[in-house]
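K.L.:
In case you want the letters, here they are:
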Amino acid sequence: MIAVDGLQKVYGDFAAVVGSTFSVESGEILGIVGPNGAGKTTTLKMIAGLIEPTEGTATVAGYDASDPEMRQTLGFLPEESPLYEDMTPRSYLRFFADLYDVPREAAINRAMDTLDRLELEHRDRRIGDMSKGMKRKVAIARSLVNDPDVVIYDEPASGLDPLTTNTVLKFTRELKASGKTVIFSAHNLYHVESVCDRVVIMNEGQIIARGTVHELRETYGSREYQIRADVSPSGIEAADTTIRGGSLEHLFTADTIAKADQIRETIDAANGTVLDFRTEESTLEAIFLELTGEPMAGSRQIQDTAADLEHRGAAGEAS
Amino acid sequence: MTDVLDRLKNAIGSARRRLASVWRIARWEAKRSVGTIDRRTAAFGAIIIVLTAAVVGSVAVAGSAGLAIDRDIYRVGVDADNPYYPVVAESSQLAPAEPNQEALATGDLDVLINHPGEDVVTWYVAETEKGSAAHSTLVTSIDRYNERRMADEPNESAAYPVRVDLQYVSRQSDATTPGGSDDGTQSDRAAEGGSADTAEGTDTSDSSGDGTAGAASDEDRSTDDSTGGSIPSIGGQAFGGSQSGSPATIQPPFPFGSLLLAFIFLVPMNFVIQAYGGTMLNERINRRGELLLVAPLARTTIIAGKTLPYLLAAIVLTAIIAAVVGGGLLSVLAVIPIALGFLSATFVAAMIARSFKELTFVTVTIAVLVTTYAFVPAIFTNVTPIALISPLSIVVMDLQGEAVSIGEYLFSTGPFYAGSAVLFVLGSGIYREEDMFTQKPIPAKVIDALNAQLSGYASVGLWTALFVPFVFTAELLAIAILYVAPIELSIPVLLVTIALIEELAKSVHVYAGYARSRFERRLPVTVGLGIVSGVGFFLAEKFTAIAQVVGLPELAIGQAAFAPTGLTPTLAVGLLAAPLVLHTVTATITAVGARDGRLVYASALVIATIVHAAYNYGVVMLYA
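Which chain is which? The protein sequence lines are A and B, in order. Residues in the first sequence are numbered from 0 upward in steps of one, following numbering that gives the first Met the number 0. Residues in the second sequence are numbered from 0 upward in steps of one, following numbering that gives the first Met the number 0.
In short, the hints are calculated from the structure, not lab data. Warning: the hint list may mix true and false statements.
As the list claims (entries may be wrong) - Keeping only pairs whose Cα atoms sit at most 20 Å apart, straight-line, the calculated EDC-like set for lysine to aspartate or glutamate is:
1. B:Lys8 <-> A:Glu68
2. B:Lys30 <-> A:Glu68
3. A:Lys169 <-> A:Glu248
Said to hold, decoys possible - Some but not every residue of chain A turned toward chain B, in silico, with C-beta under 8 Å:
4. Leu49
5. Ile50
6. Thr53
7. Tyr62
8. Glu68
9. Arg70
10. Pro77
11. Ser80
12. Pro81
13. Asp85
14. Asp97
15. Tyr99
16. Val101
17. Pro102
The structure displayed is predicted, hence computed values, not measured ones. Where a beta carbon is used, it is the ideal one built from N, C-alpha and C, also for glycine.
Kindly generate the complete structure, drawing on both the sequences and the hints.
P.N.:
Here it is as structure tokens:
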């Protein structure tokens, strides 16, 4: 559905994007992650036909990105999508539907359906009087007013409260369920991990890794087996020792299942009890750190968001 | 055949869809713009406007009724049966009072008029400065009173025993107008449009008193007929009204009133462009324009849609003003290109400004420049053809009921139409994501705008040619400004000014291309760009031939600015080839400078200007 081949954008002496090549299949959600200045937004705007590439091509649904007809099949949500604050959501969406030649009745029905799914009330209130989350929902509804086959969302949940974020992420998954192809860019790796089928990691204008989250873990991440026991046999060294419930608890780690089995057997031989056995895999953030050597902007927010969701009883939805 | 028809159908369908989109955006823009002003503010503004109009109207009505700050300032002692009583009573500055010698002495009266006998009238004037002023006012009031009485006299020949008809004509010229006969008959533009009524059957004499004026009138009339046959006139009526009175009270036909009325057309433009510039800049600063750019619309459709409401507002305001001041369709047609000029320049300003402060600065500059260009030349309406470089002159002529030929209309408005089109194209070049939402200094944005239009050699030649309307406009403005200066000063200054303007037009986009690494820096490429630019300018310069239509080269200063006439064929061919060589050489000089950076470009521009000015001087000397 989307094919990007050797996309490059150079501003004077600065290369914003260097030779990006990837594709997105129909009905797939591709996440693009990277730190600030990695070239994510430039890449998305080149695909949307907003920025002319210095080199390379991007096609969407068979149309070249520079073809205005392509935009008929595209829904684009920029990172900053300021709205016309003196309009109501209804009139705003109707205007954009007109621009896309969508029949008025169909446009209204579609817009209202989208706003229902996004749980937006107060549709006749001035947009200027709405909260940031409500405005973002209107912007998302605007991106779907032409019922596009492809949607490109640049940081759709950036700066939103946890509940709205959850709604937006859930809605994005629904888009995939309805057969739409989605490119989703985010700083927040939790968002990407929870929504995307595949991920492209960009840094300094280049794609440095790609694949499903599982593939990325397999290729770039690590797996650790953690065994907690009430004894610490000689011959194996505990990674950590804590006191829990008045008793000592020892943590042993292994990087392969064979070594983990060996540790367990040693604990059994020492008449100890395995209190807990779990597998810990690298997070996308850890992989990103490994690849780029720098923390993601917004990585702190990942924990905050998860904690907030848990606090509000929405952890199940977010995990 | 079917293929052609299909293509035609597709083209029509596409055009209709595009127009529909333009209309949608225009309606939305209009609705939104109106919506941004809250009802209270709108009501408050309306009240202020109504109050202002009421106050101005009251003052005007009161003024016409004789209200003045110097009302009854002088007290004149005069009896009711005194023949001078009506003079004093009708004068706003004089107040009649009981005639009393003592009052004159104490300063309670300024003038005392006694009427002891039927034929005896004695004046006493207080020996003060106020007394002298009162006396002077009284004398003037008597003259006016007598003029009014004579004007009211039913028997005109009794009031004015000697009648002289005055006919004001434009400056005579040596050249024939293109529409005139080719037998050397002199044209008289002022005679066009119906001065025949005045000339016919009247003993007309001019100030020379050589007795040839009557023949000249006949000749004028025949020339007028022939001109009318080749260049149809639009909107013409009989020239002017008539005035009668003593020779001292007859004013020359300086179109002050019409000029002021014409100026009124420019005032609302400033409000329109502020609103237009604001909305365009808002789209950039708030990044709202991005959502329109990602819609399936061409950039030109978006720009046209967003501009249309403001153009229509300007047209409606112009039509209303025209209706109020007595102008016709011609006035509206003359003001539309000015409105386009304002809007296009504001559009470019909104595309390059980084803030509302910068936008205000640029739009005020634009307003001053365009107003100057439109207003200053119009002062000379009916005096010199130079006035026609301003569309306001067309308005003045329309208000005076004077005829305007299509050639004159195109001459006045053509540069505005062409210039506006070029500015819109330039602005649309940077109406894109990469330029709209970046913050750069204005010069850098201008360079971006120029660079966006360049793609190769041909584009350089094309844009040089497209700058010619601006060159034409700037040169005409220079002529209009220097027109009043002594010719010893105006000609040399004009030659250098014109050289600088033309060299700038030939090189500024080449500089922009090099500044943005559009062109290779190899010398053959640079020379090629210079040659292409020079040739482009040479070809487009022929556009200035339109100046001949209204006889501008008849003036010495016009000859210095534009191609001279009346040359021998050999000289004409030489002068045709020489500019081509000049333009390519100087454009190459500046292109080489542009390649090597700003300072070298500035130096090259100076050199090219000197070469060009020397050439201009040589041509003028040769022709002289």
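K.L.:
Are the hints correct? Go through all of them and say.
P.N.:
Verification of the supplied hints:
no., hint, result
1, B:Lys8 <-> A:Glu68, "18 Å, holds"
2, B:Lys30 <-> A:Glu68, "27 Å, violated"
3, A:Lys169 <-> A:Glu248, "40 Å, violated"
4, Leu49, "4 Å, holds"
5, Ile50, "5 Å, holds"
6, Thr53, "11 Å, violated"
7, Tyr62, "10 Å, violated"
8, Glu68, "7 Å, holds"
9, Arg70, "4 Å, holds"
10, Pro77, "6 Å, holds"
11, Ser80, "7 Å, holds"
12, Pro81, "5 Å, holds"
13, Asp85, "5 Å, holds"
14, Asp97, "5 Å, holds"
15, Tyr99, "6 Å, holds"
16, Val101, "11 Å, violated"
17, Pro102, "14 Å, violated"
Consistency with the previously given hints fails for numbers 2, 3, 6, 7, 16, 17, ordered from lowest to highest.
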